[in-house]
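Dock chain B against the given chain A, drawing on the hints supplied.
In the order they appear, the protein sequences are chains A and B.
Taking UniProt numbering, I'd label the letters of the first sequence as residues 1 to 652.
Taking UniProt numbering, I'd label the letters of the second sequence as residues 1 to 652.
Errors might be hidden in some of the hints.
[Stated by the list, open to error] No more than 27 Å apart at the CA atoms, straight line, and that leaves these computed lysine-lysine pairs for DSS-like:
| id | chain 1 | residue 1 | chain 2 | residue 2 |
| --- | --- | --- | --- | --- |
| 1 | A | LYS544 | B | LYS498 |
| 2 | B | LYS588 | B | LYS518 |
| 3 | B | LYS592 | A | LYS544 |
| 4 | A | LYS55 | A | LYS38 |
| 5 | B | LYS357 | A | LYS588 |
| 6 | A | LYS333 | B | LYS489 |
| 7 | A | LYS544 | B | LYS518 |
| 8 | B | LYS270 | A | LYS457 |
| 9 | A | LYS592 | B | LYS270 |
| 10 | B | LYS613 | A | LYS454 |
| 11 | A | LYS357 | B | LYS270 |
| 12 | B | LYS454 | A | LYS454 |
| 13 | B | LYS544 | A | LYS38 |
| 14 | A | LYS591 | B | LYS36 |
| 15 | B | LYS518 | A | LYS36 |
| 16 | B | LYS457 | A | LYS42 |
| 17 | B | LYS498 | A | LYS42 |
| 18 | B | LYS489 | A | LYS489 |
| 19 | B | LYS613 | A | LYS613 |
| 20 | B | LYS592 | A | LYS454 |
| 21 | A | LYS333 | A | LYS489 |
| 22 | B | LYS613 | A | LYS518 |
| 23 | A | LYS454 | B | LYS36 |
Keep in mind that the hints were calculated from the coordinates and are not lab data.
There are 2 protein chains.
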Amino acid sequence: MEPNASNSVQPDHFLEITPMEVHKVVPPPHRSTIQKLKSRLKETFFPDDPLRQFKGQPLGKKWILAAQYFFPILQWGPNYSFNLFKSDIVSGLTIASLAIPQGISYAKLASLPPIVGLYSSFVPPLVYAVLGSSRDLAVGPVSIASLILGSMLKQEVSPTNDPLLFLQLAFSSTFFAGLFQASLGFLRLGFIIDFLSKATLIGFMAGAAIIVSLQQLKSLLGITHFTKQMELVPVLSSVFHNTKEWSWQTVLMGFCFLVFLLLARHVSMKKPKLFWVSAGAPLASVILSTILVFAFKAQRHGISVIGKLQEGLNPPSWNMLHFHGSYLGLVVKTGLVTGIISLTEGIAVGRTFAALKNYQVDGNKEMMAIGLMNVIGSSTSCYVTTGAFSRSAVNHNAGAKTAVSNIIMSVTVMVTLLFLMPLFQYTPNVVLGAIIVTAVIGLIDIPAACQIWKIDKFDFVVMLCAFFGVIFVSVQDGLAIAVGISIFKILLQVTRPKTLVLGNIPGTDIFRNLHHYKEAMRIPGFLILSIEAPINFANTTYLKERILRWIDEYETEEDTKRQSSIHFLILDLSAVSSIDTSGVSLLKDLKKALENTGAELVLVNPVGEVLEKLQRADDVRDVMSPDALYLTVGEAVAALSSTVKGRSSSHV
Amino acid sequence: MEPNASNSVQPDHFLEITPMEVHKVVPPPHRSTIQKLKSRLKETFFPDDPLRQFKGQPLGKKWILAAQYFFPILQWGPNYSFNLFKSDIVSGLTIASLAIPQGISYAKLASLPPIVGLYSSFVPPLVYAVLGSSRDLAVGPVSIASLILGSMLKQEVSPTNDPLLFLQLAFSSTFFAGLFQASLGFLRLGFIIDFLSKATLIGFMAGAAIIVSLQQLKSLLGITHFTKQMELVPVLSSVFHNTKEWSWQTVLMGFCFLVFLLLARHVSMKKPKLFWVSAGAPLASVILSTILVFAFKAQRHGISVIGKLQEGLNPPSWNMLHFHGSYLGLVVKTGLVTGIISLTEGIAVGRTFAALKNYQVDGNKEMMAIGLMNVIGSSTSCYVTTGAFSRSAVNHNAGAKTAVSNIIMSVTVMVTLLFLMPLFQYTPNVVLGAIIVTAVIGLIDIPAACQIWKIDKFDFVVMLCAFFGVIFVSVQDGLAIAVGISIFKILLQVTRPKTLVLGNIPGTDIFRNLHHYKEAMRIPGFLILSIEAPINFANTTYLKERILRWIDEYETEEDTKRQSSIHFLILDLSAVSSIDTSGVSLLKDLKKALENTGAELVLVNPVGEVLEKLQRADDVRDVMSPDALYLTVGEAVAALSSTVKGRSSSHV
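Looking at chain A on its own, in the form it has when it is part of the complex (with noise of 0.2 Å):
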């Protein structure tokens, strides 16, 4: 726009094109503060309403709908037919094959006996058929939490030097876990694992991936002195420093399974039709290996077996909790840890495949069903469980149309532990090994951090420091900073919110961003910002500061093209959704600050709560003038222009 001879033209054009009514900003409908509180805490703690569907329902319905909401098995059970029998058997019995030998890889690198994954994959998934709401969770220990709680006991108790201690600890670790799950579902504050962010996680994930091949290290070399730590340079240079405890024939062997693994692992991901490749491949190289172990004795030529297992069913372990004594500080932050990180996989997991096949899951009804099975399961010889990733997916292709294929997984596992235990006993621990590192290197999500990176850089940064602090740190630090930054960021981003300039679209009564749209111009005599984000103690120094240098910078920049000096300031409020005290403070330090100078605070579109806040300040003339108070701010530009005109004129 050239600078004209006339500073009035342009709010003159503006009013031609916009000859209208001027709407008035009402008060929004009266509610008292009960009511308000009322539909704040529900937004707050039922956003998904989950009564919604009781309302208007006959008492006996209401009663079943109630078992049916606690029970989800009531809901599908009635409606089970042969036709999803059929599918549940095939899916149910394709993860038993990737379970057993999971459940015994996963335990083991929890430092815990490997039967204890067999009994968590038995108990575990019965009741969460019963009470789960998902579809397609597979159920069972995981390796992430089996890491961190593994880890976090090793720090003050020897799993080979006190086994029974160790036992108790991480049953009870379990205990407070299941717990802590079903307490942030009973009270509705599921929204706290919301606070591990996506890119968290991936850098989380990635970390504890690698971490967890290091680990498996130990028995894919045949090492025998291994490092207690986690960390990748303690673990690399015992590795390093141990060489002559490398054993060819394990090594040979672990390799030549890993390459099998792997190479199952890439055909079912090309063709998802083929998913039962990698579904088997875990239980065809326990067999296998088994097999060569005990036909050529093995176990005599340095490579390590499991040894002998008990069988039966799970022992109740619930005599093994410990409540009390000096390590209750330790099993409640192990199980704090485990139980966030678990319920964080679980949720993910079962809403990832509920928007597949569209349908609902209620996060905070699903924790209270993940919590109250490690409850269950700590009293029954069980460690934390979860909805596992990859089990879970293997599940879904195999066609898992409900829970039952949990209850045929746990049928299985039932067999196995009565019937089944001697064949382990020559089962290698150098293919457990292969079969953890390629079930955690999935976690290893390269694509999801490329796109991050370029999404959002910031993120970005959250990861690599989940990812570096997992591998440097320790697990649950990394876990902690990466936390710890996503929120510095969330509330930088509350202290720093934004304010735009806008201008008006030619043409028309759009109001934009002036240093987004080109073609956005300033009207003389007025300067509008936007404020994008609710006001409150935390931002209101700066945007007071900031405010007070744009009407600067305006009147230096303008005054030598126009000589028009700001006549009104013009707030929009339409995405200012809240105002606390100190906001209702700042807006009337700008209208004392702008009177000084001779201008005018005039507000645009404040939302009901923030209106109401405003007329209730104590005197309202100081904070807002009823004639300053418009719906839109091409209204309020048109109804003002004139009087710029006039001090326009009245100035020359």
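Coordinates of chain B only, in the frame set by chain A:
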């Protein structure tokens, strides 16, 4: 609005009144990542653009400006005139008459030797006069910082058993307080003090005033065996368990002087012109009471007096600072808490009077000035000082024009230190107690508390938490609780952003909240939502659930009335000031979920940053179709309503 026979009437009607061309949403002008990072950092750390004045100046001028920036005395010094000096000398002497008794009293409040209070009123004001940019701030010890310093140090070291160590720790804490304050300013992290909201401060101040007053019961009642605790309950029980120690002479004297001081305060509050009444009253009380004690030998009748004070200026104390040893943690913590509290008071006072006289105070620069003042103070036998609210108000009322009034005060204190110290030997402690009570009573701001109750109930709760926390738990814990709750509220706001359902105001192309503006009407086939916050990892889950519920509610409500389902979900993103990778996924998921039901996602007015991030998504079409992007809701509805009409009639 009544149900219509034909559901296409409204879009038609809407089209009639807005014969519009459609404006394109364009990406903002290109800027590189470095440029963006630069401007983001500038907005975050330099919102007030302190280097603005340097732009386009010759080098010599730049040097002068820089010197003036760091030493504001160079700015106003050259223009200093005799007229200004006349004003400053009056105000300087006035605040000196207040500073001397208050200095002695506050040092006793901090359990330090009374003379340290005078030392602290000599050096720091001189430093501030050179470095500070406020013209009204009267610098010296303040009640709350003194209270906190004393109470935190007393937890580990007894001031009576080991007075030298206690003094060393006080100076060391002052050093760390100053270091912390200066670093906050230097690193431009001044916004950290913004997290102490006005509501928190009002509650905290009132609580601290009560705690301070309770402590004065010791000297006001003449009790010799007083509790060392600070909280309400132990202090009151200590007072009433020692009724035998009450001395009627002390009580009588205390009562008389308290009434006198409160009356003087009342007079000055009613008539600000008589500011000198309350300003002079403390010194008058000290002189009068000293004469009384001296004349009647009252110290022999149970009235305790200050006793002999050392003469002479501040001795150096840099050799008394503790930088290691077992008390380092205590000293750093005490420094942090007193530093942030005294900084908050100093900055708030500076800003208040700057706003009254319409000049600017640079918060970060002030922090450096106050910090440096405390660092220098800690090596010249001073404890934590800042700009005191009550004394600054007197300074302002007495007509202070520049920081020279601080110099005058300092010189007066110097004369006192050199020559007048013997006069204080017979000053009774009870008068000092009365002076403190009178000073802190002004910190209880009941009208402000009422105002907060009226405007924002949540802020009121925060205020109460701070108040009761300070009274019943401890000064620092009360503060921590209130800050924690304030931050939790912000996080909750971020986690649960508002979504508004918009409707058209008939006869216009304005769209406003349906639940606020009763005349606003839904447009059949459209669900128009406005998201009122940045979209990030902490709220995507909630937003998804909430939006899906809006859709669900729309369909159940509308279906019965008008047999129309949603054809378009319009998301007004004007208020979404930023988005992260989770937010991009949310839009992707929403688009997919809508496509399953045959509806389409339309985005309106994404701001520059958001638009860029959406376009950088892997496959843009997954997130938004280029033809489903509009500049205003009105244009989107106008352009799309013909489609709805077509679809609806084909449904029939």
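Evaluation of the provided hints:
| no. | hint | verdict |
| --- | --- | --- |
| 1 | A:LYS544 x B:LYS498 | holds (24 Å) |
| 2 | B:LYS588 x B:LYS518 | violated (33 Å) |
| 3 | B:LYS592 x A:LYS544 | violated (42 Å) |
| 4 | A:LYS55 x A:LYS38 | holds (17 Å) |
| 5 | B:LYS357 x A:LYS588 | holds (16 Å) |
| 6 | A:LYS333 x B:LYS489 | holds (26 Å) |
| 7 | A:LYS544 x B:LYS518 | violated (34 Å) |
| 8 | B:LYS270 x A:LYS457 | violated (58 Å) |
| 9 | A:LYS592 x B:LYS270 | holds (24 Å) |
| 10 | B:LYS613 x A:LYS454 | holds (8 Å) |
| 11 | A:LYS357 x B:LYS270 | violated (73 Å) |
| 12 | B:LYS454 x A:LYS454 | violated (47 Å) |
| 13 | B:LYS544 x A:LYS38 | holds (22 Å) |
| 14 | A:LYS591 x B:LYS36 | violated (32 Å) |
| 15 | B:LYS518 x A:LYS36 | holds (18 Å) |
| 16 | B:LYS457 x A:LYS42 | holds (17 Å) |
| 17 | B:LYS498 x A:LYS42 | holds (13 Å) |
| 18 | B:LYS489 x A:LYS489 | holds (16 Å) |
| 19 | B:LYS613 x A:LYS613 | violated (35 Å) |
| 20 | B:LYS592 x A:LYS454 | holds (22 Å) |
| 21 | A:LYS333 x A:LYS489 | holds (26 Å) |
| 22 | B:LYS613 x A:LYS518 | holds (20 Å) |
| 23 | A:LYS454 x B:LYS36 | holds (14 Å) |
Hints 2, 3, 7, 8, 11, 12, 14 and 19 from the list above are not met by this structure, while the remaining hints are.
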